[in-house]
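Using the sequences and the hints given, assemble the complete structure.
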Amino acid sequence: MSLEQFISNAISPWMKNPGPDDDIVMSTRIRLARNLEDFPFPSSTSQDAARALYKHVYERLSQTSKEMVGKLIWLPMDGLSTIEKTVLVEKHLTSPQFAKESKQGAVVLNNDETISMMVNEEDHLRIQCLSPGFQLSEGYKSADKLDDWIESHVTYAFDEKKGYLTSCPTNVGTGMRASVMMHLPALVTTQQLNRILPAVSQLGLVVRGIYGEGSEARGNLFQISNQMTLGKSEEDIIEELRGVVLQLIERERNTRRELLKHNQLQLADQVHRSYGILANSRIIESKEAGNHLSTLRLGIDLDLIRGIEGNILNELMVLIQPAFLQQFAEQELTADGRDERRATLIRERLKLENIQDGGGET
Amino acid sequence: MQCQECNQRQATLHFTKIVNAEKTEMHLCEVCAKEKGDEFPGSNSYSIHDLLSGLLNVDPSTGSGAGYSQKVQNEYALQCPKCRMHYKDFINNSRFGCSYCYQAFSAKLDPILKRVHGGNHTHTGKIPKRQGGRLKLQREISSLKTKMQEHIDREEFEYAAEVRDKIRELQEAKEKEEGQ
Chain G
1 MSLEQFISNA ISPWMKNPGP DDDIVMSTRI RLARNLEDFP FPSSTSQDAA
51 RALYKHVYER LSQTSKEMVG KLIWLPMDGL STIEKTVLVE KHLTSPQFAK
101 ESKQGAVVLN NDETISMMVN EEDHLRIQCL SPGFQLSEGY KSADKLDDWI
151 ESHVTYAFDE KKGYLTSCPT NVGTGMRASV MMHLPALVTT QQLNRILPAV
201 SQLGLVVRGI YGEGSEARGN LFQISNQMTL GKSEEDIIEE LRGVVLQLIE
251 RERNTRRELL KHNQLQLADQ VHRSYGILAN SRIIESKEAG NHLSTLRLGI
301 DLDLIRGIEG NILNELMVLI QPAFLQQFAE QELTADGRDE RRATLIRERL
351 KLENIQDGGG ET
Chain H
1 MQCQECNQRQ ATLHFTKIVN AEKTEMHLCE VCAKEKGDEF PGSNSYSIHD
51 LLSGLLNVDP STGSGAGYSQ KVQNEYALQC PKCRMHYKDF INNSRFGCSY
101 CYQAFSAKLD PILKRVHGGN HTHTGKIPKR QGGRLKLQRE ISSLKTKMQE
151 HIDREEFEYA AEVRDKIREL QEAKEKEEGQ
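Read top to bottom, the protein sequences are chains G and H. full-length UniProt numbering numbers the first residue of the first sequence as 1 and each following residue consecutively. full-length UniProt numbering numbers the first residue of the second sequence as 1 and each following residue consecutively.
It is worth saying that the hints were derived from the structure and are not from the lab. None of these values were measured; they are calculated from a predicted model. Some hints could be false.
[Stated by the list, open to error] With a straight-line cut-off of 25 Å between C-alpha atoms, the simulated DMTMM-like cross-links for lysine to aspartate or glutamate are:
(1) H/82 / G/48
(2) H/129 / G/235
(3) H/136 / G/138
(4) H/129 / G/236
(5) H/136 / G/144
(6) H/129 / G/138
(7) H/108 / G/122
(8) H/145 / G/236
(9) H/88 / G/159
Now the structure itself:
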């Protein structure tokens with residue numbers, strides 16, 4: 001398979017589309033946790049009960065989706081190899097926990113992978129809508145529509161006072177986690193983010209690295225999401241998150257402009273050095289690759305380097321992860337082997353571009 | 001606030017440990033919290049569930065550790081009639097066994113939910129369409145009643161009467177819904 005073909009199969013179709021404010025916001029995700037009445041929650045259930053839940057959901061949903069949400073593909077987890085499951089994790093279509101120990105679980109996907117649903121994860125259903133750029137309201141609209149369609153076929157566990165009942169008390173109420181993935185290199189470089197983050201957390205929002213809970217920030221990518229799910233409506237949660245994200249976008253853009261004004265030569269130097277390392281390395285660790293890809297992307301956004309596709313950061317951040325590297329290599333790889341393959345993949349990918357020096361955004 | 005362990009990363013986890021009325025505060029980043037995982041109750045590998053268990057494992061009336069008094073012991077013996085989960089198991093792994101646990105442990109839940117959700121314990125968001133017709137009407141009626149009272153307080157009796165008629169309509173629709 002050629003590299004172009006591999007990339008085109010590997011990247012979720014939605015990632016190739018442009019989105020609003022996608023110079024700063026890489027993607028938006030809305031997740032709804034839902035459970036069905038009269039079935040024990042997956043975390044405490046037996047294999048038989050989990051199977052019964054899966055059968056119930058499959059029978060009610062698999063035949064009728066087409067006109068509402070398009071054709072859905074059902075992937076039972078026990079039919080997937082370890083690498084295939086890991087690929088789903090690396091594409092943010094399942095959680096690492098689910099891939100590791102799913103019992104009678106499945107992932108349900110639509111064609112462009114904007115919609116995914118995990119069956120029998122921590123909750124019976126985890127509905128997820130992904131979109132490129134900054135699209136909180138649109139993402140919620142899709143998730144809401146999907147949720148209504150599902151609810152017309154199954155009976156949710158819902159309580160007037162507590163809302164949607166979830167396995168973990170941190171999700172009860174709306175069951176909604178809205179997240180925005182942001183690229184904030186200028187705020188990191190100028191150390192402003194350290195000062196901003198405490199204020200963000202005081203507003204009931206959480207900032208994490210790109211792989212969610214417990215992960216560190218790579219490539220200056222940060223995921224900002226709501227913490228609380230009870231006592232606020234979905235619209236309020238989205239409005240509050242939107243307000244903070246808009247401020248961060250503005251600050252990041254202003255800081256980029258300032259950096260360009262006062263340090264254009266140094267910035268151009270950094271961008272081209274990063275390009276040099278990415279285009280010439282024979283071994284590269286994911287952290288180093290992430291940081292240089294972040295600088296390169298900043299250079300593209302500021303027109304300091306031309307002829308490279310803008311979404312190279314999104315694309316390569318997905319492709320340089322362990323399972324994708326192994327798929328690309330068509331073999332299992334050690335950590336050293338992965339570092340070598342990662343360097344090769346990035347070099348090959350950059351050869352597809354027609355790089356030129358840029359003039360700098362003025 | 002910076003992590004008090006590494007003094008480099010941002011502290012994203014803030015703990016208050018209360019042992020024998022002695023309060024200790026900790027502010028950690030996720031990396032250091034992971035490393036210190038075994039200092040938190042019931043955990044070798046640190047996770048949000050371990051943190052939650054630590055949060056839940058505090059009796060709000062005394063501010064002391066679990067298993068502290070007979071009263072607490074009795075409350076821990078609470079059991080969900082549907083899935084048979086004990087309250088103490090919920091406290092230990094911070095997950096409910098089924099949706100009926102919410103009802104079974106309801107006497108203990110509000111303070112816990114308040115702690116997790118910034119002081120809130122009542123849902124104000126979406127209501128399922130098919131199941132929630134009656135609930136939606138109830139919410140609308142409550143909000144109209146508040147509105148009617150505001151008109152009365154301002155002596156705007158004509159507006160108040162309009163709202164009263166609307167409330168009557170909704171009451172009838174609700175009764176019809178309940179009768180179905």
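Verify the proposed pairing of residue 129 of chain H with residue 138 of chain G, using a straight-line Cα cut of 25 Å.
holds, 20 Å
Would you check the hint for residue 136 of chain H and residue 144 of chain G, treating anything up to 25 Å between C-alpha atoms as holding?
holds, 16 Å
Would you mind confirming whether the straight-line C-alpha gap from residue 108 of chain H to residue 122 of chain G stays at or under 25 Å?
Within the cut-off at roughly 23 Å; holds.
Does residue 48 of chain G sit within 25 Å of residue 82 of chain H, going by the straight-line distance between their CA atoms?
Given pair residue 82 of chain H, residue 48 of chain G holds - Cα atoms ~17 Å apart, limit 25 Å.
Would you mind confirming whether the straight-line C-alpha gap from residue 136 of chain H to residue 138 of chain G stays at or under 25 Å?
holds, 24 Å
Compare the distance between the alpha carbons of residue 129 of chain H and residue 235 of chain G with 25 Å, and conclude whether the hinted pair is satisfied.
Measuring from Cα to Cα gives roughly 17 Å; hence the hint holds.
Between residue 88 of chain H and residue 159 of chain G, is the straight-line Cα distance small enough, at 25 Å or below?
Satisfied, since the Cα-Cα distance of roughly 23 Å is no more than 25 Å.
Next pair to validate is residue 145 of chain H with residue 236 of chain G; report whether the Cα-Cα distance is within 25 Å.
Roughly 23 Å separates the two Cα atoms, so the pair holds.
Proposed proximity, residue 236 of chain G with residue 129 of chain H (alpha carbon, max 25 Å)
Satisfied, since the Cα-Cα distance of roughly 19 Å is no more than 25 Å.
Going down the numbered hints, you'll see the structure goes against none, and every one checks out.
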